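**Student:** From first to last, the protein sequence lines are chains A and B. Per full-length UniProt numbering, the first sequence starts with residue 1, numbered consecutively. Per full-length UniProt numbering, the second sequence starts with residue 1, numbered consecutively.
Worth flagging that the hints you see were computed from the coordinates, not collected in a lab. Hints may be right or wrong, so weigh each one.
Which copy? The list can't say, so a pair holds if one copy fits it or any two copies do.
[To be verified] Cross-link-like lysine-lysine pairs, in silico, BS3-like; alpha carbons within 25 Å at most:
| hint | residue 1 | residue 2 |
| --- | --- | --- |
| 1 | Lys278 | Lys165 |
| 2 | Lys165 | Lys325 |
| 3 | Lys26 | Lys216 |
| 4 | Lys216 | Lys205 |
As the structure is a computational prediction, the values presented were derived from the model and not from experiment.
Number of protein chains: 2
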Amino acid sequence: MTGHFFEGAEKLLEIWFTTSTSDTIKYTSRNDLRNIPRDLIEEVLNLVNCKVLQYAQSATTDTYVLSESSMFIFRTHFVLKTCGETTLLHAVQPILELARDYCDFDIVDQVFYSRRKFLRPELQKEPHTSFEHEVAYLDSLFEGGSAYVLGRTNIDCWYLYTLNKACVRTKSDQTLEVIMTNLDQEKMKIFFQEHTKSAAEATKKAGIDKIFPNAKIFDYLFNPCGYSMNGLLPDGYYFTIHITPEPDFSYVSFETNVPYHQYNDIVRKVISMFNPGKFTTTIFGGSASNSLDKHRKIFLYSDYARIDHQIVCLVDYDLIYSYYKKHPS
Amino acid sequence: MTGHFFEGAEKLLEIWFTTSTSDTIKYTSRNDLRNIPRDLIEEVLNLVNCKVLQYAQSATTDTYVLSESSMFIFRTHFVLKTCGETTLLHAVQPILELARDYCDFDIVDQVFYSRRKFLRPELQKEPHTSFEHEVAYLDSLFEGGSAYVLGRTNIDCWYLYTLNKACVRTKSDQTLEVIMTNLDQEKMKIFFQEHTKSAAEATKKAGIDKIFPNAKIFDYLFNPCGYSMNGLLPDGYYFTIHITPEPDFSYVSFETNVPYHQYNDIVRKVISMFNPGKFTTTIFGGSASNSLDKHRKIFLYSDYARIDHQIVCLVDYDLIYSYYKKHPS
Numbered sequence: 001m002t003g004h005f006f007e008g009a010e011k012l013l014e015i016w017f018t019t020s021t022s023d024t025i026k027y028t029s030r031n032d033l034r035n036i037p038r039d040l041i042e043e044v045l046n047l048v049n050c051k052v053l054q055y056a057q058s059a060t061t062d063t064y065v066l067s068e069s070s071m072f073i074f075r076t077h078f079v080l081k082t083c084g085e086t087t088l089l090h091a092v093q094p095i096l097e098l099a100r101d102y103c104d105f106d107i108v109d110q111v112f113y114s115r116r117k118f119l120r121p122e123l124q125k126e127p128h129t130s131f132e133h134e135v136a137y138l139d140s141l142f143e144g145g146s147a148y149v150l151g152r153t154n155i156d157c158w159y160l161y162t163l164n165k166a167c168v169r170t171k172s173d174q175t176l177e178v179i180m181t182n183l184d185q186e187k188m189k190i191f192f193q194e195h196t197k198s199a200a201e202a203t204k205k206a207g208i209d210k211i212f213p214n215a216k217i218f219d220y221l222f223n224p225c226g227y228s229m230n231g232l233l234p235d236g237y238y239f240t241i242h243i244t245p246e247p248d249f250s251y252v253s254f255e256t257n258v259p260y261h262q263y264n265d266i267v268r269k270v271i272s273m274f275n276p277g278k279f280t281t282t283i284f285g286g287s288a289s290n291s292l293d294k295h296r297k298i299f300l301y302s303d304y305a306r307i308d309h310q311i312v313c314l315v316d317y318d319l320i321y322s323y324y325k326k327h328p329s
Numbered sequence: 001m002t003g004h005f006f007e008g009a010e011k012l013l014e015i016w017f018t019t020s021t022s023d024t025i026k027y028t029s030r031n032d033l034r035n036i037p038r039d040l041i042e043e044v045l046n047l048v049n050c051k052v053l054q055y056a057q058s059a060t061t062d063t064y065v066l067s068e069s070s071m072f073i074f075r076t077h078f079v080l081k082t083c084g085e086t087t088l089l090h091a092v093q094p095i096l097e098l099a100r101d102y103c104d105f106d107i108v109d110q111v112f113y114s115r116r117k118f119l120r121p122e123l124q125k126e127p128h129t130s131f132e133h134e135v136a137y138l139d140s141l142f143e144g145g146s147a148y149v150l151g152r153t154n155i156d157c158w159y160l161y162t163l164n165k166a167c168v169r170t171k172s173d174q175t176l177e178v179i180m181t182n183l184d185q186e187k188m189k190i191f192f193q194e195h196t197k198s199a200a201e202a203t204k205k206a207g208i209d210k211i212f213p214n215a216k217i218f219d220y221l222f223n224p225c226g227y228s229m230n231g232l233l234p235d236g237y238y239f240t241i242h243i244t245p246e247p248d249f250s251y252v253s254f255e256t257n258v259p260y261h262q263y264n265d266i267v268r269k270v271i272s273m274f275n276p277g278k279f280t281t282t283i284f285g286g287s288a289s290n291s292l293d294k295h296r297k298i299f300l301y302s303d304y305a306r307i308d309h310q311i312v313c314l315v316d317y318d319l320i321y322s323y324y325k326k327h328p329s
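Throw the hints in and build the complete structure from the sequences for me.
**Tutor:** Structure (structure tokens):
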């Protein structure tokens, strides 16, 4: 018998656009990804095998809770994160066309495609069956892409494809992702409908509403289990959490673009909230101005051994990958 | 027609041993890898498809120039580096047995297996046809091995397998490797027998004798082309250079274990000697005591853009990987 399985690990795509028509990058009202009609966005999501469960807007951000994870659309960039057996990369070419046709964005300024090593890669659909295939697919769409593997290829690792070039986009942008596995089963019970009646109740019980008290939260509790939330903060900041609570393949991801100096505190909050057996953090941003040695000393957490710590110095910013494992109690 | 081809990129193996019989690690005269009989060493090299061309001893080191690269044997560790289509990993199990039987070394203290991405992996023999196969082979021999990929998997990258654990071996050990491709064809002419009569003449013409003026050099010029040298320095320090000069697949490697503070000067000397179009440096050592930020600023070379720069913080030391490309002239 083949047991029930769900691949919690998300494929994560972020694309930044710009335009060749202005030297000074003064965007017109037409230069805005949020101009793309909603029904065409949904058509693209169909190609990925995702549906929209919730949609909301703020002054800076369109946010979507999806049947498999989340999407955020900003003026010049979007973030699409999809789990399970979705075919995220099928969205790339259509989105490039929509950005050109509806927003006059004819230049791709930056691309990030990343994911953790799948637990069961053989269940994925092309081109997601291997990182090699994903890279070949992306190389067919973009010029000058670089593919990296962080962590240990024979144990746990994390893949990244990016255009390693100087970008128009603001260098002050940054992202923190915390990917947690082997989670505390008591805490995971919150995300089963037999224990918790509503998404709002799950959000409160887990303390997710306390991470950023000023956030506007859009949450969803799946049947019979599983949880997704998008949180909107002022000034285009967001956070998003996705939870696969089943004991055999438990997985929680946390992602945010709030400023870098908060990351140490946020990671502490998030790991005490979910109590994972193992977790990785990936941090984009900082760049040469921040001391690498400072990073190295800061990102340590009691109860956890830091098993891996790698730094990739990219053109505009640094990427810091760390892998932590709980000390035996 | 399939043109002539030679895979210059070496497989590089370093294994450190210790013994469980003494708590204080006071080695007896039996605890010495140089006790392994020479004919048994040659039998192991036969499994790898290598022959011994030159052999010499110093107080600390046995050095071998091989038909495909080099070997160095020290008291508690050895370095075996083999190029072409050799099957280096076939040596591992026999060497572990010889170390146990002839030296009472029953514990493997540390392992490093590394290589650059092959130009033509399809010409390699198992398990060297892919890094995945190599890792599976090593995982069958060692516990707790970690596999890393540095650089860009879709362009140029470098693979490492190591036991990421605290070791008995002295933490002051360090290694620099410079791997050069797209070399200056005028400089490469030196390593063809039609231009140069002897190994000693090649060593002198290229200036290799000037890198460490106090070295004892063992060099070999292949027919019709190609060059290998081992250099012995006082106190167990060595350097070794291997050259595949053919224009279509030119490749030069330089490796040394002299102290870390000399690396910046050495790299400058070596790249001006061979004038590569591209090169990577890999540095083991340093550890947390050295400033990563200092590393980052130091290892820059005029005429070259540093395309990639990655740092892996391992248990006992840091690994710094950098990839450089010549500025268009």
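**Student:** Flag every earlier hint the structure violates by its number, smallest first.
**Tutor:** Hint 3 is the one this structure does not satisfy, whereas the remaining hints hold.
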